[in-house]
Amino acid sequence: MLVLRPVAPDDLPELQRLARESLVGVTSLPDDRQHLLDKILDSCASFAANVQAPGPENYFFVLHDPASGQLRGCSEILAMAGFSAPFYSLRNRPFVSSSRELNVQHGVPTLSLCQDLSNHSLLRGFHIDPDLVGTPMAELLSRARLLFIAAHGSRFADTSITEIVGYSSDDGHSPFWDALGKHFFDLPYVEAERLCGLQSRSFLADLMPQYPIYIPMLPKAAQDCIGQVHPQGREAYEILLREGFEANHYVDLFDGGPTLYARHSGVRSIRQSLIANACPGPQSGSGRAWLASNERLGQYRAALVHLDEAPGDLVRLDPQTFQALHLQTGDPVRLVAL
Amino acid sequence: MIVRPVRMTDLPALMALAQRAGLGLTTLPANQDRLTHRIRWAQRTFAEQVERADADYLFVLEDDDQQVIGISALTGAVGLREPWYSYRVGMTVNSAPHLGIRRQIPTLFLNNEMTGQSELCSLFLRPDQRRDSNGRLLSLARLLFVAEFPHLFGDKLIAELRGKGDENGCSPFWNSLGRHFLQMDFVQADHLSSLGHKPFIAELLPRQPLYTCLLSEPAQAAIGQAHENAEAALAILRHEGFAHQGHIDIFDGGPVIEAELSKVRAVRESQVLPLLVGTPDDDAPTWLIHNRRLESCRVTRARARLVSGCLLVDRLSAKRLQVQPGDLVRAVPLLATQAKAAAVENPRTALADA
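In order, the protein sequences belong to chains U and H. Once you know that position 170 of the first sequence is 170 in our numbering, the rest is easy, because the numbers rise by one and skip nothing. Once you know that position 91 of the second sequence is 91 in our numbering, the rest is easy, because the numbers rise by one and skip nothing.
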């Protein structure tokens with residue numbers, strides 16, 4: 001049974017393996033040992049911190065297979081975008097020009113560099129083994145973060161955003177980057193993403209275009225990238241759409257990929273999750289699937305469970321589940337239907 | 001040949017010229033009412049009945065058979081009644097030293113910096129008459145006029161030269177830029193501009209700086225480049241000290257060349273001299289001569305010699321100028337001498353010449 005839990009220092013070798021295999025645009029998982037170690041330690045400190053309001057914390061989760069010891073995926077929540085370093089994106093809004101005399105009015109689509117998306121919590125770093133794509137494990141990996149937010153609301157903002165990886169070709173070219181970023185950074189797309197993974201994007205602040213970009217002036221291939229999702233980013237995208245996230249007129253500075261946004265009060269896994277007290281009992285294993293998590297912090301655990309009947313005040317769980325979720329009898333369990 | 005202010009009796013000739021000018025000259029529409037209006041306004045200008053902000057000095061080139069074969073004009077000031085726009089080519093330099101990256105990206109800034117300056121415009125010479133320095137006479141007569149009446153003009157003279165395009169009226173600069181904001185093609189925009197709507201059109205353009213690297217390659221290449229048809233006019237004015245200092249037309253990217261009035265060769269080097277009538281030799285250089293009048297302005301070119309502080313010309317030239325021997329005229333050699341021509345080139349030219 002795969003379990004989602006906070007990352008630990010011992011996970012470093014497995015994390016390096018995941019980093020090597022991850023998509024170019026997932027900049028939060030660079031293939032650099034020191035950087036990954038720093039990330040792990042930062043996450044541990046975040047879980048351990050006594051937090052009254054969101055700050056620089058970054059919560060790093062891994063999908064662990066206790067049987068093989070392997071990590072099958074990872075995902076993160078940054079407590080507050082823009083807290084430690086500026087969070088840049090491109091606002092996609094029309095520049096409206098109108099002339100009463102000429103009876104002309106129209107909006108020219110425009111991209112403007114901004115930091116509008118600061119102060120939301122940021123879901124990021126979603127990476128899953130290719131053979132788990134399209135399975136409930138992808139749901140677990142993504143949505144368990146939302147259950148965590150539900151459990152520990154004071155550590156987060158009232159809203160979350162996420163950037164979905166935009167289109168790039170198999171050989172690592174992004175038409176959007178070639179039409180835009182490349183002029184300002186003079187780096188190939190892959191190299192720019194790599195540098196961003198090692199440092200936050202703010203290091204590029206000196207180079208970013210400060211003035212609006214008028215979309216019709218970009219080549220068609222670049223325009224088509226705006227709001228486009230990379231095929232390998234589709235899973236993450238669709239899971240969150242089903243959760244109630246929506247595209248919100250912001251795209252990624254590098255690849256034009258869409259940003260999704262939601263108020264937590266409108267997110268399915270947060271709104272519809274219910275708390276039941278755990279009690280031991282048999283389950284056939286073929287009942288309806290639910291995502292279940294304990295309500296703990298450093299010992300947070302989440303997993304997929306099958307329940308023969310809907311949970312009420314109590315939820316019956318088998319011993320294996322008790323162990324996987326680090327539960328004692330009577331502990332609260334947060335549940336949402338898959 | 002003489003250059004003189006336009007008269008209402010020139011209307012038919014102007015209509016004929018306008019029809020020949022075709023798409024190239026927005027200020028000379030082949031429209032009777034509008035030409036009539038313009039002539040009337042020019043007459044009031046020469047009669048000193050209008051303010052500088054509205055002044056339109058429209059001249060014609062007339063041959064010895066009284067045929068009007070060309071026009072040129074001068075405004076008192078641009079931008080004082082409604083905004084006069086240009087793009088200024090600028091540069092942003094972004095650097096991240098710790099990454100070893102330094103980027104210089106040219107930008108275009110929409111601006112009204114030429115407000116109040118005087119504009120040379122409406123230059124057109126019938127194609128079959130483009131010889132014998134007729135073009136130079138037609139163009140430079142204005143400068144000699146300015147030399148005589150500098151108080152009627154701004155600190156700078158500017159000229160907007162047609163930008164690169166093709167015979168179909170397509171402008172690569174327009175297609176890459178203006179078209180997206182106005183949703184019309186260049187010919188249409190040009191036409192609206194000739195009707196006086198250019199300020200309204202400019203208001204539809206984005207006010208924030210534009211990165212030229214986002215324009216198409218042909219559009220970038222067109223920046224500050226004059227149309228082939230404008231190259232002769234450009235050469236004449238460059239010879240007078242006009243240079244491209246980075247301003248371009250907002251529609252087609254053509255260069256807006258400029259010169260400080262006091263530094264224009266024809267202004268700086270012209271002299272007021274008494275006229276002598278006689279027979280200058282065949283090797284005498286050609287001079288540009290103005291009778292120093294305003295409403296009855298006449299400018300001609302003639303072989304002339306400086307003799308004891310007077311300008312010796314033949315009888316016909318004096319007659320063309322409607323002056324008597326002993327009258328004062330303003331004159332300058334038609335061409336700068338070699339040594340002076342080198343000094344006239346503006347060392348501060350920011351961009352490559354067309």
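What the hints contain is simulated information worked out from the structure, not anything from laboratory work. These numbers were taken from a predicted model, which means no experiment stands behind them. The beta-carbon is built from N, C-alpha and C at its ideal position, and this holds for glycine as well. A hint or two may mislead.
If we take Cβ atoms under 8 Å as the criterion, some of the chain U residues that face chain H in the derived model are [said to hold, decoys possible]: (1) 31; (2) 70; (3) 71; (4) 99; (5) 101; (6) 103; (7) 106; (8) 107; (9) 184; (10) 190; (11) 191; (12) 209; (13) 214; (14) 275; (15) 279; (16) 338.
To give an idea of the interface, some chain H residues facing chain U are shown, with a C-beta separation under 7 Å as derived from the structure [unchecked claim]: (17) 204; (18) 208; (19) 273.
Point to revise | Hints that the structure is at odds with (numbers, increasing) | key: Violated hints: 1, 2, 3, 6, 8, 10, 11, 14, 15, 16 and 19; rest satisfied.
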